[in-house]
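There are 2 protein chains.
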Amino acid sequence: MAVKKSTEKAAAKEAVARLEKIARELRTYNMMAIFAASSGHPGGTLSIMDIVAALYFKELRHKAEQPDWPDRDRVFWSAGHKAPALYVALACAGYLPIEECMFLRQLGSPCQGHPHYGDIGGIEISSGSLGQGLGVSVGSALAAKLDGADYRVYCIMGDGEQQEGSVWEAAMSAGHFKLDNLVAIVDCNRLQIDGFTKDVMNVEPLADKYRAFGWQVIEIDGHDMGQILKAFEEARATKGQPTCIVAHTVKGKGVSFMENEAKWHGVPPNAEQFKQAFAELRFPELTDGEAERMLGRVKEYEQCASAKVRATVPKFSRDYWWNVEAAMKAEMEATRRGFGCGLAKAGADPRVVTLHADISGSICITDFEAAAAERAKRVFSVGIAEQNMMSVAAGLAKEGKIPIAGTYGVFASGRCWDQIRTTICYSNLNVKIAGAHGGISVGPDGATHQALEEISLMAILPGMNLVAPADALETEKATLWGILKVEGPVYIRYAREATPVITKAETAFEFGKANVIRYRGRQDHFIDAFETCLAESYVSENEDLSVIACGPMVPEAMRAAYILKEDFGLETRILNVHTVKPLDIQAVARAAETGVILTAEEHQVGGFGNIIAGAVLKHSCGPICFDMIGVADRWGTSGKPWDLMQYFGLTAEHLAKRAKELHEQKR
Amino acid sequence: MAVKKSTEKAAAKEAVARLEKIARELRTYNMMAIFAASSGHPGGTLSIMDIVAALYFKELRHKAEQPDWPDRDRVFWSAGHKAPALYVALACAGYLPIEECMFLRQLGSPCQGHPHYGDIGGIEISSGSLGQGLGVSVGSALAAKLDGADYRVYCIMGDGEQQEGSVWEAAMSAGHFKLDNLVAIVDCNRLQIDGFTKDVMNVEPLADKYRAFGWQVIEIDGHDMGQILKAFEEARATKGQPTCIVAHTVKGKGVSFMENEAKWHGVPPNAEQFKQAFAELRFPELTDGEAERMLGRVKEYEQCASAKVRATVPKFSRDYWWNVEAAMKAEMEATRRGFGCGLAKAGADPRVVTLHADISGSICITDFEAAAAERAKRVFSVGIAEQNMMSVAAGLAKEGKIPIAGTYGVFASGRCWDQIRTTICYSNLNVKIAGAHGGISVGPDGATHQALEEISLMAILPGMNLVAPADALETEKATLWGILKVEGPVYIRYAREATPVITKAETAFEFGKANVIRYRGRQDHFIDAFETCLAESYVSENEDLSVIACGPMVPEAMRAAYILKEDFGLETRILNVHTVKPLDIQAVARAAETGVILTAEEHQVGGFGNIIAGAVLKHSCGPICFDMIGVADRWGTSGKPWDLMQYFGLTAEHLAKRAKELHEQKR
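Protein sequence lines, in the order shown, are assigned to chains A and B.
Sequential numbering from 1 applies to the first sequence in the working numbering.
Sequential numbering from 668 applies to the second sequence in the working numbering.
Just chain A, same shape as in the assembly:
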């Protein structure tokens, strides 16, 4: 008996040692992938890795050679930003070559910034927008019950994610349905992007919450392999109730300088930092040569992907790309910077308050309090809870404040649409929504984070004002105007990536009024080659065609006008429709007089273009050759922003080619 027990003990010890070794390998590969991508989330991938090792190399019933084996256990990665941890686990388990993981976040790679269902066997669902995986897990677990299948369902979440109300809807339903085939794992690393979870929006006492929602709760040290395995065992033995494993972990675990530091949530290491991290993490079997070889292939892949996409861009008499020569020189600045500047200025009005939903720094909403210390009390962090952010903003607005609620555009428009509609717009409350990272310019993060539908979601709301400014300077003006001069809801769409500055301080800007931009001939600087005025004061010059654009497509439209003139002698009227709602109908309708209209949007095609088409058709009668350029009703993808512009056919070259074709059709 004693012998058996000690044998068992030795076996268990061995199992733990094996898993700890695997976890170490996974951490190394994970760090290599993030370094190679120069983008990604070290903190939360390192904190979850021991649990991942235990799951994929011990707890789960699964087959790499048959990823869709019906009897496999399911793992739903609700916290999609932990994707690299998933990829390296799948790779080491035999689902894909580990080399593939190094192409993380590259254009064309199956290892998207956030997991995409179908791209790799073993990805059970697309994720990246937090708080959705537990509900999916409930659905999968219900299906098992309905079919009498005995697979088990696991859901990986973060602790910041617990701020999402959808988690509690799902938790309530799991308890209600008594899903004992379901295990939720909360990676409590105590940090989220904006800082300590307890400060951003306290989720504790988390165990009490899950218990009150009908769950068994097991609290463990998420880095103690023995405790992890025991928790899974206990969960398996539990009947009539789902189990939540609250795993206390260390964010950045295993890399000394990353541990317990919020800033390592979503920032990749630079070369020097990687060297140190690699030294701390690496396992003996991985030779320097092997690591170098794997990383070396990434550059090659990247260049090849860029070249491939560049080859699809239409060619002209010479290369007109940004900054290739003096005449194409443009200052580059992200429109988010303009938002920050505008907000910082508007903040002088004491009614202005801001709301943070965790991702505040990158969207420049923090420029508000950075401008003056006293403003700190006018900042409210609501955590990753977009619905509540909008409702709280509504409450603040009705008490006379001017709240600015900001987050990524996908979440700012779509996660809380009903709140924007019913609570904000229907009450006509003075709430300003900062819809950051509009378009594809959030690049490597991929489809889940690329906001390509907000124009449709916002423009259809009565009473909503919607601006999509063309550059950083215009964004600053629009922000100031939208906050201080417009009474009522305003949605400001702006982007992450630096784009050409094509307006000046003195360039006309009026909310609700479009601008006409005309190419006047080559100059030393790109911006000086153009003339801009309010559309209402513009006198037709019988141009050959019009390009109607908004947002960062305006600079592309300008470059297209440049190309069309220089290569084909065609004159283009560019209409910069920075205010999409209310629309400058007169300016849009007048563009029909050129006989050719091409619309340009960094958005699902038609969101903007159809609005223009409607206005043109309603208010003009002549024959018009018309087309729209935009993302062609397809999902975004990971890649470098400018590569993506080419990939989705959104460059000036694409515009110029299509405009030329339309002009040829003109009667």
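For the record, the hints were derived by calculation from the structure and aren't laboratory data.
Each hint should be verified, as a subset may be incorrect.
Some chain B residues flagged as far from chain A (calculated, every beta-carbon gap over 10 Å) [to be verified]:
1) ALA684
2) ARG691
3) SER706
4) GLN894
5) THR905
6) VAL934
7) ALA946
8) MET961
9) GLU969
10) ALA978
11) SER984
12) LYS1065
13) TYR1093
14) ARG1187
Okay, derived cross-link-like pairs now, DSS-like style, lysine-lysine, Cα gap no bigger than 30 Å in a straight line [as the list claims (entries may be wrong)]:
15) A:LYS618 to B:LYS1324
16) A:LYS377 to B:LYS906
17) A:LYS178 to B:LYS930
18) A:LYS145 to B:LYS1012
19) A:LYS618 to B:LYS1333
20) B:LYS865 to A:LYS239
21) A:LYS513 to B:LYS1285
Far from chain B by the CB rule (all over 12 Å, computed), these chain A residues [unchecked claim]:
22) GLY128
23) ASP147
24) LYS329
Beta carbons: idealized from backbone N, C-alpha and C, even for Gly.
Could you slot chain B onto chain A? The hints should help.
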């Protein structure tokens, strides 16, 4: 000392008696208003009424003569369907004449089906979509803290409402911000539309949940005035924490046959039931004559409102309204019935499962299990939790089920948009969304419940399929096709009110293909006066104009064609675009050959019309006179569905008038 105490006791007793008397009055007026409206929510207004009496006639600091007094205490009615209770309380407190309350849910009345901010002083926020008020309350309470104001904030919620995740986002933030100026009141009447809350989606133990979210919790008998007052007092004395009053109540309290019956959630009493309810509730001061007089004025108001709106409808040589004469005779059937029929048939496939979000009966999704008892196990009630409904549906779909998730269109499209986008569409999962009560046809419920934006929200999503069938029969076909023949997400938009049946069993229907409908001359029955075929097999007859419509606007377009021919001799090509996505581009573009296109949608104008405009402009080049008919970028309102069709200018008469004008512009 003893004398003082007994005096105090007597005063307290008197206060209680006074409030109980007021509560009785409020219940009486409330029942009269709901009876007068022939629509509304008796159950939950009766259960909350003692608390309402205590709030508005004792606890609150407020002034009827100055509703926006900055120092007033705020009450946010998160459960907007309790509106009549709010209105009668405000009336009895002097905010508006009690007679006004009897015009509840009538066109033009400030007493909308759900409260609209600004319509009556004392309405602090628009509500009706559940789960948003607590967040607004948090915002208001934060503003008070920021300004050093000492007003207090109250939020009234239902227990079913606790299923909404947004409630828990708000609850978490209130605890986090330690808002001791905030009191949440949960009217725990244990019932919701679909039955007992514990069965629909158990929210218990509710007190434990709030405690785990950082609240003080006081549990009381919500009909014991002494306990109510004491709870408010206790809340006022509490520092550093918000207070949740969990009030155990009886749904339908005070009317014997309504008590504890789920069916009285949202159904008005008929004349006989009202008589009994009135007898049980009435207070001595209200004479029969007075009650009759008040109710008598409603008919008059109603007729006057109808007449007023009818006067705005364009006139022709004779009255072409539905069923005014034999030739205009049409069978009326709600498209929701068609959905139910289609679903009942599709349910024979064992993969089909359905999800209920509380309002299942009225949207006909229950026809599924009504058709066969064995299907009960394939029905999942998730409660009022639309986000989770979509995630759970996604989980079921990925395990091979065909889930149909249904609720009102506003909530089905907009409350869970991010889940539909990221979890369902991006993963291309086979989820079917039943978007009920599309358009204005949910009538008296008002703007919050009138889905007028779903086309924009759904059509912009890559991979989404969107159908808006024209009548009940077509809805049945579309439902069957969408569930069984389309692989991938489908959104089916259908309506509540009965609308003309204008197709037959043998009428062509192909998903993604539009139909042409042509008026062929007066017949005994309306439907027989038309010929319908697939647009692709239609040969142009050089018609004078085209009307492109979807959903219940198709019958109106047909009546418009009738009018145009009979009154002006104009031939109309009607295009029934039942499938909005994927769009039958060819059919739409071909309509341009008629030179005049008018689009028609029971939706915010442009949601459909701009899509058509885009297709027309892109794919045809000739001059076109074009316009769109729809709700003119404004909010819905309470009223009878057919009155609202007139009010928003959506009738055949409006179409015919505009089409005639466009035709006159045709060159």
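Beyond 10 Å from chain A, beta-carbon-wise, is B:ARG1187?
Non-interface label on B:ARG1187 holds, nearest chain A Cβ at 29 Å vs cutoff 10 Å.
B:SER706 non-interfacial with respect to chain A [C-beta, more than 10 Å]
Nearest chain A Cβ is 20 Å from B:SER706, so the label holds.
Distance rule for A:ASP147, whose beta carbon must clear each one in chain B by more than 12 Å
Its Cβ does come within 12 Å of chain B, the nearest being 8 Å, so this is violated.
Take the C-alpha atoms of A:LYS618 and B:LYS1324, compute the straight-line distance between them, and say whether it is at most 30 Å.
holds (16 Å)
Would you check whether the claim that B:VAL934 is not at the interface survives, using Cβ distances to chain A and the 10 Å cut-off?
Holds, since 24 Å exceeds 10 Å.
B:ALA978 and chain A, when compared Cβ to Cβ, separated by more than 10 Å:
holds (25 Å)
Take a quick look at B:GLU969 and tell me if its Cβ sits farther than 10 Å from every Cβ on chain A, holds or violated.
holds (25 Å)
Status of B:ARG691, Cβ more than 10 Å from any chain A Cβ:
Label holds. Min Cβ-Cβ 32 Å, cutoff 10 Å.
Just to be careful, I want the Cα atoms of A:LYS513 and B:LYS1285 compared with a cutoff of 30 Å; is the pair within it?
OK: A:LYS513 and B:LYS1285 at ~25 Å, within 30 Å.
In terms of Cβ atoms, is chain A entirely out of 10 Å range of B:ALA946?
It holds; B:ALA946 is separated from chain A by about 38 Å at its closest Cβ, greater than 10 Å.
Verify the proposed pairing of A:LYS178 with B:LYS930, using a straight-line Cα cut of 30 Å.
holds (27 Å)
Are all C-beta atoms of chain A more than 10 Å from that of B:GLN894?
Nearest chain A Cβ is 23 Å from B:GLN894, so the label holds.
Checked against the numbered hints above, the structure violates hints 12, 13, 22 and 23; every other hint is satisfied.
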